[in-house]
Every structure is written in C-alpha cells, then in structure tokens.
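Engineer: Single-letter residue listing:
Protein chains: 2
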Amino acid sequence: MGQKILIIGGVALGPKAASRAKRLDPDAEITLIDQDSIISYGGCGIPYYVCGDVAEPEGLRSTSFHSLRDADYFAREKGFAVRTSTRALKIDRAKKELHVKNLNNGQEDILAYDKLVLATGSRPFIPPIPGVEADGIFTVSDIHKAVEIKNRLSQGQVGKAVVLGGGAIGLEMAEAMADLWGIETTVVEMMDQILPRLIDKNIAKMAQKHLEEKGITVFTSERAESFCVEDGKVTAIKTDKRTIDTDLVILSVGVRPNSQLAKDAGLAIGSFGGIIVNRRLQTSDPHIYAGGDCVEMADLISGCNTYAPMGSLANRQGRVIGSNLAGKAESFDGVVGSFIIKLFDNCVAKTGLSLEAAKALGIDALASFVVQADKAHFYPDSSMLFMQMVVEKGTQRVLGVQGIGPNNCSLLARISAVAGILKYRPTVSDIANLEFPYAPPYAAAMDIINVLANTAQNILEGRNTAISQEEFLQRFSARESTDTLFVDVRAAAQGGPLMEKYAPHWLNIPNNQLRERMNELPQDKEIILVCNAGSRSYDAMCLLQKSNTKTLNLQGGIGGLKRAGIIL
Amino acid sequence: MGQKILIIGGVALGPKAASRAKRLDPDAEITLIDQDSIISYGGCGIPYYVCGDVAEPEGLRSTSFHSLRDADYFAREKGFAVRTSTRALKIDRAKKELHVKNLNNGQEDILAYDKLVLATGSRPFIPPIPGVEADGIFTVSDIHKAVEIKNRLSQGQVGKAVVLGGGAIGLEMAEAMADLWGIETTVVEMMDQILPRLIDKNIAKMAQKHLEEKGITVFTSERAESFCVEDGKVTAIKTDKRTIDTDLVILSVGVRPNSQLAKDAGLAIGSFGGIIVNRRLQTSDPHIYAGGDCVEMADLISGCNTYAPMGSLANRQGRVIGSNLAGKAESFDGVVGSFIIKLFDNCVAKTGLSLEAAKALGIDALASFVVQADKAHFYPDSSMLFMQMVVEKGTQRVLGVQGIGPNNCSLLARISAVAGILKYRPTVSDIANLEFPYAPPYAAAMDIINVLANTAQNILEGRNTAISQEEFLQRFSARESTDTLFVDVRAAAQGGPLMEKYAPHWLNIPNNQLRERMNELPQDKEIILVCNAGSRSYDAMCLLQKSNTKTLNLQGGIGGLKRAGIIL
Chain X
169 MGQKILIIGG
179 VALGPKAASR
189 AKRLDPDAEI
199 TLIDQDSIIS
209 YGGCGIPYYV
219 CGDVAEPEGL
229 RSTSFHSLRD
239 ADYFAREKGF
249 AVRTSTRALK
259 IDRAKKELHV
269 KNLNNGQEDI
279 LAYDKLVLAT
289 GSRPFIPPIP
299 GVEADGIFTV
309 SDIHKAVEIK
319 NRLSQGQVGK
329 AVVLGGGAIG
339 LEMAEAMADL
349 WGIETTVVEM
359 MDQILPRLID
369 KNIAKMAQKH
379 LEEKGITVFT
389 SERAESFCVE
399 DGKVTAIKTD
409 KRTIDTDLVI
419 LSVGVRPNSQ
429 LAKDAGLAIG
439 SFGGIIVNRR
449 LQTSDPHIYA
459 GGDCVEMADL
469 ISGCNTYAPM
479 GSLANRQGRV
489 IGSNLAGKAE
499 SFDGVVGSFI
509 IKLFDNCVAK
519 TGLSLEAAKA
529 LGIDALASFV
539 VQADKAHFYP
549 DSSMLFMQMV
559 VEKGTQRVLG
569 VQGIGPNNCS
579 LLARISAVAG
589 ILKYRPTVSD
599 IANLEFPYAP
609 PYAAAMDIIN
619 VLANTAQNIL
629 EGRNTAISQE
639 EFLQRFSARE
649 STDTLFVDVR
659 AAAQGGPLME
669 KYAPHWLNIP
679 NNQLRERMNE
689 LPQDKEIILV
699 CNAGSRSYDA
709 MCLLQKSNTK
719 TLNLQGGIGG
729 LKRAGIIL
Chain B
169 MGQKILIIGG
179 VALGPKAASR
189 AKRLDPDAEI
199 TLIDQDSIIS
209 YGGCGIPYYV
219 CGDVAEPEGL
229 RSTSFHSLRD
239 ADYFAREKGF
249 AVRTSTRALK
259 IDRAKKELHV
269 KNLNNGQEDI
279 LAYDKLVLAT
289 GSRPFIPPIP
299 GVEADGIFTV
309 SDIHKAVEIK
319 NRLSQGQVGK
329 AVVLGGGAIG
339 LEMAEAMADL
349 WGIETTVVEM
359 MDQILPRLID
369 KNIAKMAQKH
379 LEEKGITVFT
389 SERAESFCVE
399 DGKVTAIKTD
409 KRTIDTDLVI
419 LSVGVRPNSQ
429 LAKDAGLAIG
439 SFGGIIVNRR
449 LQTSDPHIYA
459 GGDCVEMADL
469 ISGCNTYAPM
479 GSLANRQGRV
489 IGSNLAGKAE
499 SFDGVVGSFI
509 IKLFDNCVAK
519 TGLSLEAAKA
529 LGIDALASFV
539 VQADKAHFYP
549 DSSMLFMQMV
559 VEKGTQRVLG
569 VQGIGPNNCS
579 LLARISAVAG
589 ILKYRPTVSD
599 IANLEFPYAP
609 PYAAAMDIIN
619 VLANTAQNIL
629 EGRNTAISQE
639 EFLQRFSARE
649 STDTLFVDVR
659 AAAQGGPLME
669 KYAPHWLNIP
679 NNQLRERMNE
689 LPQDKEIILV
699 CNAGSRSYDA
709 MCLLQKSNTK
719 TLNLQGGIGG
729 LKRAGIIL
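First to last, the protein sequences are chains X and B.
This note's numbering numbers the first residue of the first sequence as 169 and each following residue consecutively.
This note's numbering numbers the first residue of the second sequence as 169 and each following residue consecutively.
Chain X on its own, in the form it takes in the complex (with noise of 0.2 Å):
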C-alpha cells in the first residue's frame, strides 16, 4: 500500500502537485478534490478568452495536445483521483483526516491521508459598497464567471462597462472589452497611478497615456461609493467626483487569499492573511503542505513576507510540493516580484522593487531612468524602450528594474535578465557588466540594461545630479519665480523654438558648441540639462560640474516626457 495523498484545490498547483508525486512515487494513492465542477485551467488567460483569442473556454483547460483536463484524463494519463465539486469541511489534524461533502448530493465524507495538500487559492476582494450584489457586476475568479461576461458582450447587453481596480486583471480585462467589442470603457483607480504598487508613477503615467490612446478612459485618484441599481441590474457607479453609466463592472481590486481551512485547523496564519510556509513548503504541520494563492512568501529583496498570488509561482511550488511529497527535499526559496502585462500594442513589466515600494518598506533607493532602442539605433525598426532601476543607496544594491516598451519580448529580455540575478543581491556594477546577448537585431553593444546601471552609478557617486520628470515639472511651472536656467543641448531645430518660447529661461546651446560657448552661461545660478534621452545632457554636466555645482540634468529628456503625454 503507498501513501495517502490528499489535495484540496485543483486549478495550477494542485494538479501540478499531485502529478509531480504520482511520477516520482506510483506506489501513492493520490486523490484531488476542488468545490467546482472545472478544474485545471489557465486562470490568467480568462481576458484572453473574454476578447476572443481563445475562441472557447475548454481552450484554457486543454494541454497543448488538446485533451481535455477532467476528472477522466488526470485519472488515465496521471494516475489520480479527482473529486469535483466537492468541498473540504474541516481538517482533522490529530487524526490525519479531512472531512468533505459533495454539493450535489449533499453527501458527506471522511478521507484518510498521510500527506495534506493545501492548494485552496484566492477570492477576489468584494469592496462593501453598496449595490455591490446587482446585476451585471462580475469578478474575474472563474470559468463560469469569465463565460457569463463574455455571453453578455457577445449578446451585444454590453455598450459601457467600468473596471473598479487598475490593476493587472482589471487592465487585461478592460482591453479585452474595448479592443474587440468596442465597449466604451472606464477604468477607476482609487490609488493615484494605475498598475499601483507595481510599476512606479512616471512609467504608469506612460501606460495610462497608451490606454487612453486606444480610446479607454482612466480615472485615477478616484474612489467607488455606491453602485446605481435599477430592476436589481446595475446603471451606473457613483464615485467621489463623478457619476458613470455602465451595463457591466469588473471588480477587481485585488484578491484574498483562501485560508479559513487552515486557520480554523490551527495552522499558522501571516499577517497578509495567507498561510505561512517553510522553504519546504510544509505549514506549521509537517504533515500538511501549501502553496500558491493561498500562502505567503519570502519577498528574497526585502526579507518580508509578501503576498503574490501568480499562476506561474503556483506551478513552480505545486512542482516542489509534489517532489517532497514523494520524498526529496527540494526548496523554494521565495519571489523577488516579476511581473509583465500587454497592454494593446505596449508590455508593461517589472521584476523586484519599485522605487516607492521600496522605500515603503523604509529602504534609502534612488532611480535611474533611461531612454533607448531596443536594437543597435543603427538597425531598422527599432523600438524605444522607456526603463527604470532601483538602487539602494548605501550599497550600490539593485532592487529592482521596470518598463514599458512595444507588445513583444524586447522588454521581457531585459526584465528576465535581472530576474534570476535579484536573489544573489546584485550590485549596480553586476549589471553594468551583464553579458546580455549582443547582435545589431537584438541588442544594443551597451545595452539599455547596461546603461541603466552605469546611470544609477553615476548618479549614486554624484556625477549626474540626475531629477525625475515631477522634479523637472515642478522647477519648470516655477521658472518665472525662480532663478533656474533650462539649458537645451540638442540641436538648434529641436531646442529653437522651446528657446523663442520660453526665453530668457530657456537656452539653447548645442552639444557640439558647448565647449566654447561655457562663458555664456551663469556660474552662479541653478542650471537644468536637457536633450532628447538624457545621454547628451549627461556629458554636458560633466562638463559644467567643474564651474557650476548647481546643474541638474532631466533623466530620459524630452524624449522621456513626450512618451508620458507631457509636451513643452
């Protein structure tokens, strides 16, 4: 007789668990239970399936042989049992049994186990607003839910919708909406970015613009107060400025993660709600494991736990689960924090910390911004990429590094070529050095992600008294009460007219005619650098320093503040 191997919960990392351990160990009687009728399927495809890519729902709970992932195929092609819509009760730890019932029949149940798989998920945050439970809103947490929306829009009941949430799923769903069904759509964000927590201001503001491009309106520092219900169906959200039609709302203003089981077993429960785990992803009872949404982490930048509910981490855990349910020892370690969303014809992604999450959690961090094509500027059909890097000031440590940049992987190689390193506390000058792959298609010879860190260590020595877009706005809106000179170094055609516009606060010297033209300008006053990217500005401030202690120069330049929507 093998072991007995229970696991309640059956989307990405129970049966990814109970597959590992059926191979490792054959010998193990392994049944899975799930409350649902669907198991196993692709969560994070759901927009994909709303906007039509993937034309209809099994498509999310195919492999890529096209089986089905039921009861009937886990049993004949993995070797285990699944119970569906059956749920767990309570966990009797003393006798190392679980009671369930089946929501069909009512029917309850016993099951025996030697090892106990926790894999009960998250549920989306159901804001108290009132109106909350009409018709027509929907959270993104299901199969069934996914198919009702997508029913809704196919039926043509659907012409406005509002997204209450800019975060990741509240995003992908409000591009599902307006990009094929041509919903006019409304994004609420209660925080004052998009994408908050995540990415920091000055990239978000770039992908809210995009949004906004593509015809969806965003609302930020806005707060939901009550829902207009009409006949039970919702017709409108009513925030704190403003009141806004709507025939659907997406919820999605984060997820909870599924712990009662296990808190009212005695288990230990974190200060995020979830279950905490050791690097074995055992609980607090070595007899029972956990993973996924449902758990904490180790955040490897900070030393905190954190919350990071990612079907990719489940996949990952439900993979270390299943080895040390047959056996091994192996370990996960913990998330540094990656993340990527497309974002219609841009990808937004980030790995680690951003600048205010960092010194959220009372890190002393700086930034460094940089502008730069994604291929040798030489090579046809470059695209701009727009990137940031945290720094930790004392020890040069890079936390982490985010962006936005066309809809390809061009920004997801820079991202993933930081992500690994995160765990082994790189410093600025790792990266400085990191032999990312070159050829002119690919890659610049010093490529962004290179020329992020020589920025951040420069600026970390002094060398470039590097200010943020807010830093620059800030000074420029107060230019006529002040003393600071702008001094554009770009070319005559470009820096020119913002010169006629803005004299005698704006100057216009170019690059090339700056060594000889260094007695123009004052020794006394404040002066800011600006060119199109921020490299140009960067040697004309080595070259003031000397005479003038004063100067600063415009990260990511004109070029930088152009992508943000903000024109001179």
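FYI, nobody ran anything at the bench for these hints, they're computed from the structure.
Only true hints are included.
If chains are identical, the list can't say which one is meant, so a pair holds when it fits in one copy or spans any two.
Below, computed lysine-lysine pairings styled on DSBU-like, alpha-carbon distance capped at 35 Å:
1. K730 to K543
2. K382 to K730
3. K264 to K714
4. K409 to K313
5. K496 to K527
6. K172 to K263
7. K377 to K718
8. K172 to K718
9. K543 to K377
10. K496 to K172
11. K382 to K543
Dock chain B against the given chain X, drawing on the hints supplied.
Structural biologist: Just chain B now, kept in the frame of chain X:
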C-alpha cells in the same frame, strides 16, 4: 596640468574609454590614435550595411542623433584629440613614450604618456591557401572592405559567392548576400557543423536546415584546398570534395588578437595570443591598460582563459578602463560567453558552455533538450522554441543554455534570463524556480527555461533516461537487427501511420490508454518512448520504469526531429 593619456585604437573600446575618462577627469589630456582614416564604427553592423538595412556606411559611424563620429566630433563633444592614419610603432615603457608614424606623410613622432591604453583589436585570420591573395577574396574586417563588397554586389558583378567559414560573421554575410541581392551563396565549413564551438550539433542542424530552406548551400566537414584564379581574379574554390564556381569569396575563419605591439614591449601574452590583463584591465605594466579584441579574458564558467572578440564586451570594458584611468578601481571579472545571431526568420542564441565545449574542458556534463511554445500554449500566434541546457553531472551546476527560435526577442529573453546568473554558479533548482515574468502573451506559466532545468534534474536523478536525437537515430537505423521496441504514445492519428510503416518495431499506444495496456509491452526488451515533444513520453516512462528498467525517452520528440529536417 592634467595627466596625459594615450589610447591606441579607435573602433569600439578606445573612444568609449577616452570619453568616460574625460567625463570623470576633465583635466586629463587625452589623445587617441588609429592607423585607419575611419574610426568609431559599429563593426558588427557591417552585414546589415551590405544587405541594405543600413543604407550608407556613415550609418555605422553615427550617433543615434545622427552626428558623425569623426575626429571633430570627439574633439567638440567629448573633449579629446584624435589622430587618424597614425600607426603606433613602439612603446618605450621605461620612458613612458609611444613612437608613432603618420601614414599620410611618413612623419614619425614621439608621444609621452602617463597612462596608455591598448585597444588594438583583432585581425582576420588569412588561411594559407594557394590563391588567397586573388582579387574578389575579402575579409569582413573594416568599413573599407565592406564598401568594396557592397559596391561589387550593387554593380551586379557577383552572381555566385562562397563564404569560407560557418561562424557568426560568415553566416551573417551569407544571409546579407542571398537575401537582398539574390546571390547564389555557398557556405563551406571545415568542422562538422555550422557555428562550431558556439552551439551544439543538434541546434546547429536546425539552423543549417533553415539556411538551406532560404536557398543557401551549406557544406560542412569540407576543407578549402585552393582558389582558382584567372587574370588575378578568383573564379572558383577547390575543396577536398568539389570545385565551386564563384565571383566573390568571404573569408571568415576567425580572428586573431593584435598583440604584437604589446609583445614587443615585453607585456605578458597568453596562450590564445591575447594580451593578459588583470580584473582592472591592466596589463603586466600597471600604467598600460588593454581590453577588447586584443586581450584574453577569464571564462567565468570554466575558470580557464578564453578569447572572446565581441563589440559588446569591448564597449563594457572600455567603460571600466575609462573609470580606472580617472582613478577609480572598477573591475571586469570575465566572460560567460553570450552569443546571438539572426538567420533569416530564425534566431540562434546561447550563453555559457555548449555540451561539446564543456566536454572539451574535461567537465562531465549532460544536456536536457526541450521543445515548447514561447507563449502560453492557448495563446494565438505562438512559435516553438528548441532549447538545450548543459549541466555538470556531479554538482547539478548549470553551465549554459542555447537554442533556436523565431526572429524576435523570445529566445533572447530566455537566454538573457540565464546569462547574468551563470557567474553565481546556479544549480538546476535555481533555474527551475527562476522567476521568469509570466503573462500568456509572453511566456508559459511553467516557462521553457524552467522546464529545461526540471528536465535536466529528472535526467540527473535517473528518472528520465533521455536519449539525444543522434542516439535515437542510431537505434532506429539498427532496429531490424536489435530487439529495441519503439513505443509512440501520441494519438492514433500521429502514431498510427508510423506503426503501419515500421511494424513490428514501432508500436502506437496513446498515452491515455497506456495504464490499461501496459501488459502489451515486453518487460525484457529495450523500449524507446516517443511523443511529439518529449513530455508525454516522459510521463509514460515514469509509468513503465517500475516494470521495465530498459525504457529510454527521446528528448524533444518527433517535433524536435522534424525541426532538424528528419522525417521518419
């Protein structure tokens, strides 16, 4: 008075080091000399100039803001002097003087230095083949040669071309000539694969097949013996196997470091003929720095020295030298060997060691080979990636990763995810849990880079007794005279025809029937399991291994064979 810095060589590293040093130390008096009249160009871009992607040679010599990087540019914008057409004759280390000669007027001069930088680069190896001096035989070593080649192509003087050497430059030139200019192009490579020493034979075969699909003829294991010359002009090349008519020959059989000047000055030279430098990129004379194509470097994987002439490394090393010239103490630790090349609609890339390279270094290594889509398998328009990971057996240390995929950044993203980590000596479990960013349009939840590590681990632990394509084909051709049974676990539509064709050696039992039909399989015969990509056959192997210890699994499956042009 600032320090006097002399730099010999003005292509990649020289201008970078000079610019950086001048920014950090504005008082330094910096002079760069180069024997050529043209400096500071993107040599790696020459094939893209030849093929027309870059219209004019000036495209390779300009900044992203269209300034031509000539002597005047560097004087005005970077603040250092450039003397072109000036050859370095001799270094007098005792007096700290450099003897130079103006190649235009023959005048000799002596320049004093406090610090000297050797950025003398490399020269193409000219094989000692009779006729090699004939007109029409070119190396791809500088802009002048590139212009001459392109002139001949554009003037219709070339109908047929031969590229001698199937390395990176050779293949890029072959594509350039065949693609835009429609020239009948043949590549002749002495080794038994293209891209030798860079990637392994199985990946090279796939790349070769693609070149052939695009009309390029490739002869491997073929040695050039002489050139046929008429009226001083090359008309054909004779190999040990045939005579190939040609109007133009590209010699691309490797480069050698230009280290004679250093050697004459008594500086240490290594076994590859490159200048020996420490991590601060100082030669054996601490007042003399060197970097780029003229030096040897530590290989961070093997610990041995290696020769890695790459424009990207030269740029990064140039910055380190520039910093150190200005009194900093930066270091460049060595190289891991990242490489990428565009071949028509494909991309081939690697970082670290190939299996063959590892074995040549005496490392006991094996390879996992995986075929997987570059996006979530349910997401439309995905492409297949074919990748291989090389792992040291005892330590489970990952030594390198390589692959072939579509001509976009999807392969680069996977290679770059590993490139930066290699110096930290990652094991397979580090890569198994590498936090590659996940969203369906860009990656799989369990991405190929994770699966490569998982597969390697299964092989290392004896769970997956994987065989390579080569081993499979040996057994398959010997099937009539051996007991080996081939069991195809794909659906009947795929596996059935092969069963009919190769019975009784080929059996088709779809994976979902295997558990109930196991009794049809012999327990004493060698069984080779195949599916389309190698994952279902691994599932089957886990099931069968208990009753039959002679099961083997074809890595990459039938799909992998097809990609290499092998149809059973």
